[in-house]
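In order, the protein sequence lines correspond to chains A and B.
Those letters in the first sequence? Residues 1 to 641, by our numbering.
Those letters in the second sequence? Residues 642 to 1282, by our numbering.
Treat the hints with care, since some could be wrong.
Think about it this way: if two alpha-carbon atoms lie no more than 27 angstroms apart in a straight line, the pair counts; the simulated DSSO-like pairs of lysine-lysine are [what the hints assert, rightly or not]:
(1) A:Lys461 to A:Lys494
(2) B:Lys1188 to B:Lys764
(3) A:Lys614 to B:Lys1255
(4) B:Lys1008 to A:Lys514
(5) A:Lys310 to B:Lys1209
(6) A:Lys567 to B:Lys758
(7) A:Lys593 to B:Lys758
(8) A:Lys461 to B:Lys1209
(9) B:Lys764 to A:Lys547
(10) A:Lys568 to A:Lys123
(11) A:Lys375 to A:Lys322
(12) B:Lys1008 to B:Lys966
(13) A:Lys225 to B:Lys1234
(14) B:Lys1255 to A:Lys274
Derived from the structure by calculation, the hints contain no laboratory data.
Number of protein chains: 2
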Amino acid sequence: MSQDKNQEATALPALGRRKFINTAALASLAGVAACTEKPSTAAAPATSAPAAASAAHASNASVHLKPGELDTYYGLWSGGHTGDMRVLGLPSGREITRIPCFVPDALVGWGITNESKKIMGTKADGSLRYTVADTHHTHASYKDGNYDGRYAWINDKINARIARIRLDYFVCDKITELPNVQGFHGIFPDKADPVDPKINYTTRVFCGGEFSIPLPNTGIDDASKYRSLFSCVDAETMEVRWQVLIDGNCDLVATSYDGKLAATNQYNIEMGAKYEDMMSAERDACLFFHVARIEAAVKAGKFKTIGDSKVPVVDGTRGSNKDPKTALTAYVSVPKNPHGVNASPDGKYFICAGKLSPTGTVIELTKVLDWFEGKVEKLDSVIVAEVELGLGPLHTAFDGRGNAYTTLFLDSQVVKWNVEAAIKFHKGDKAAKYVVDRLDLQYQPGHLNASQSETKAADGKYLAVGCKFSKDRFLPVGPLHPENEQLIDISGDKMVLLADHPVRGEPHDFIIFKRDLVRPKQVYALDDFPLAIKDAKESGVVRNGKKVTIKMTSQAPAFSLRDFKLKKGDEVTLILTNLDKIEDLTHGFAIPKYNVNFIVNPQETASVTFIADKPGVFWCYCTHFCHALHLEMRSRMIVEG
Amino acid sequence: MSQDKNQEATALPALGRRKFINTAALASLAGVAACTEKPSTAAAPATSAPAAASAAHASNASVHLKPGELDTYYGLWSGGHTGDMRVLGLPSGREITRIPCFVPDALVGWGITNESKKIMGTKADGSLRYTVADTHHTHASYKDGNYDGRYAWINDKINARIARIRLDYFVCDKITELPNVQGFHGIFPDKADPVDPKINYTTRVFCGGEFSIPLPNTGIDDASKYRSLFSCVDAETMEVRWQVLIDGNCDLVATSYDGKLAATNQYNIEMGAKYEDMMSAERDACLFFHVARIEAAVKAGKFKTIGDSKVPVVDGTRGSNKDPKTALTAYVSVPKNPHGVNASPDGKYFICAGKLSPTGTVIELTKVLDWFEGKVEKLDSVIVAEVELGLGPLHTAFDGRGNAYTTLFLDSQVVKWNVEAAIKFHKGDKAAKYVVDRLDLQYQPGHLNASQSETKAADGKYLAVGCKFSKDRFLPVGPLHPENEQLIDISGDKMVLLADHPVRGEPHDFIIFKRDLVRPKQVYALDDFPLAIKDAKESGVVRNGKKVTIKMTSQAPAFSLRDFKLKKGDEVTLILTNLDKIEDLTHGFAIPKYNVNFIVNPQETASVTFIADKPGVFWCYCTHFCHALHLEMRSRMIVEG
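Next comes chain A alone, as it looks inside the complex (with noise of 0.2 angstroms):
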């Protein structure tokens, strides 16, 4: 088996007119997105086929509900450069809420309170460490293959951190920043352990780094002594349990369903620094990670640190990975720069989509095992199919009902397609008919996702996708364009666009499950929080010299303290519990030029810390609507000169 960077391609098919797009070609595509597509008008804003168009409008009952009517799917959504985690409700596509998670959110006063602060992280002086983030992937727990609805996770790609959502109050609850990595892309949590058949359910989030860096990151300038780690998260203390040292690069993430194998799709095995480099291969790889074997390695000490960092890190290169029957990693040969990597909800197949390649490749896992137990001889005949799809392949969702669908950057459109008849047409079989249905979007389409696509219950209802680019689809808001989401009714054979949403940049990828598979807790515990006054009699002011507590309750329309006097230079930490227990009574807490502002839910308390620098009479008010004299609900604050 050629380990070679070039290696050439050893399971390629005739690929038709459409070969590799080569180095030249992709480097005049300077705005492409923007310039190779008609822009459809107001006037008949449909670019797909006719049949399509007026199908969608007999589809629409479907898509708007009546008011009131709920949504039969909730949505998570990567929330982009806002940092959080959108959850929408489907078919609406509604946004009910957003998670802040990686960026100060001033509503929830998150990154204000002392309780938001200590989940992000600060810097020795108190201030926040990072203020900004890429988010791109979300995915939830898994039990028997399904989501569990306990947890649900979310990567930000510039400071390498991936944070934890609880699926019950839906708030982040944990961050972590993964050792050693920059440019941290994809994640997927395990659907079950490689070992104990009982652990049937997550403990595992895996996350892959994209861009090689010295390690430990000196400033050197050869690019060649770079690397890249694959990391895996415990699920429950969020502690990095081990990482891998790999090869070329991590792009996105894929588990099977036995737990076994955890892979990644890698579009730059050259190790490039510039784009003509990391292009410059006409196959890169699918690596896939043998877990058990990992975590054998870790607990047998075989393993080294990096810098600072106490992380257990294997070496999963390809040169200390010769041998299957040891093997900790598998290169798997895949055309041109792919982009994205799906697990098949049969459990059979990992999909890659190549970008630079018009090919979707399809991977039979139970083979990939075979190669590591040393049953098969060249690793890249566990490629089942490689087939033709379009131009600039990027994302893979399914229905449950065998059928593929997949994005085409390039050609703006989504392919349905069936596996079983790629893989016969692959084998030889000219004559199956794989490519179902193709449907034109709008426009520039990257990420995907089906209704419980990426679950044993994949249902095959509807598929979201997020597209790059709007255009002329909204009415223009100056030079900044929303992205468009469009939503489509994949329940028959034909696919029909039912739906277009903007949507604030960039939120790349999501999931969609049935809505009974969370049960949301609406009112908070009183003793889930430590600092908690639970009583409005033990409300006042504690002094300790220069330090001062405040200890306040809201209960509408008043909080408990109408005032309270401070000394100029005081270190103040104020603690609100909002003792209003019924549902959706929220309080809002605001100190004019103090910068501060934050929400307590009902029964649930929080806190500030600050300085009263200021002299002067400052109202405190209550900033979240809450009854009838919302606006008389204050508390005024006196900072002595």
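Starting from the known structure of chain A, arrange chain B on it as the hints suggest.
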């Protein structure tokens, strides 16, 4: 005329069973919003009359656009605590963009780029002065009584700031902090000059100060010494032209079409510090400002200044304005704790809603002008109607056909009533039926506005209502509920509920106008930016001691500098010009671990300044999807230790 704080009603009609709500009754209303309404179920969502519910279904076609179909109205919405302005398309209710103003935005780089930091304001150490806000009201510039598409304004209540939005590029270009104001609440632009008829467009924005404080703000305890200010900001320079010292407080603001009058409703003429005190008087006031006289007084030097502020402050207190013929202000008495004052599109009336009184008060503006001329004996005779509407009236919108629509917070309804019929009823014609229709809302409505409502072109098509509680109207997402924006068809005799939209708290006010009233630009001009790098060849690294300037351009799929070197400790200013010219081709620029992310739209230039305090290799990457090779679009920052 009585000027007592607890003055008796001079124009109060019989109110039937619904009297003023007294202190004891309201104090026990804690949680009223969440407990007095029986939530509907998902299966039977409509608590409105069955007729309305079925009619809503029939009207859906007009709300639910086909994919690619453009909305016919823009909505400019206060973004609430996210401190930005939301731009919606209507009737779809889709949020097309958010315009960052008062709070950092990690997508755009607002609060990160040097250009945005200059607009937001910084402390001596270069950090942002404020990172929280509480936006309430947004209004746009007028010409000939309709919006002219130049500017919009939005307020921050927490820190007494007003931001201006350019409606060509949909960006914030100026922020002004009002001196000696706390709890800046209502804003309204003028619609014409009070003296010069040629100036038939907006040149002033009026701002209401809600909280009374010591002037200047020393920490004195005695609240009877506190006062509030009403401010006038220049629409072009955004400087504060003048302020008026008043008795009582300011809440919302309205302006007359002839430019002569501005007014604010006062809910706290008692100037109380606790909510019981603030609601002790049975009547409060609608306070009128005679703009021309105020400006003449300023010109004549009849003003003082407060503390460090140089802004002229004229005396508008009751005691100093007893003679109508010289008065700068007029305090018209209106029932208990009014919340909202709105100008009817026919130019004749201002309408106040009682909040703690079930009444709407109609004030005739020609009579107010007559009072200022000494032609009216009793000021309160300018009230031409004071009629019962329902419990908790807050805000009023108009359809241009003589009807007003007022939200009833406690009744959880909107009431449609005919203004002229109300005037007849008030005059004594008890057969005049002024209430035309009522519609139940879900739940507890605050602001509302109708398409073109506050212009001479009010068209009576759509009414949007911001409901403060959503309770059971959307899928549960933890303790923090979204609010519920409801869209209502008001084109017929009966109001018809069309759609529910969830929204992140707490948007408050908004305006809705026809899409042809703005003319957005979607590509910048290079010359608009003094730092623009107009040719990729000008790229490079310029060192001046420890000060380093990086000049870079972006053109998909590459930055002009593929790498650049720094020394630890350098003070770096990085300037990036996006040379891509194609609409919608925005690039992002992130530096891992350096807390930098921002975008450059087509032909835009932005800059950031930071200290290179961490040695290592840092892959700066494009964060805004731009091209098939977007992932490969990077520049390598090498910081030598």
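Exercise. Tell me, which hint numbers fail for this structure?
Worked result: 3, 4, 6 and 8
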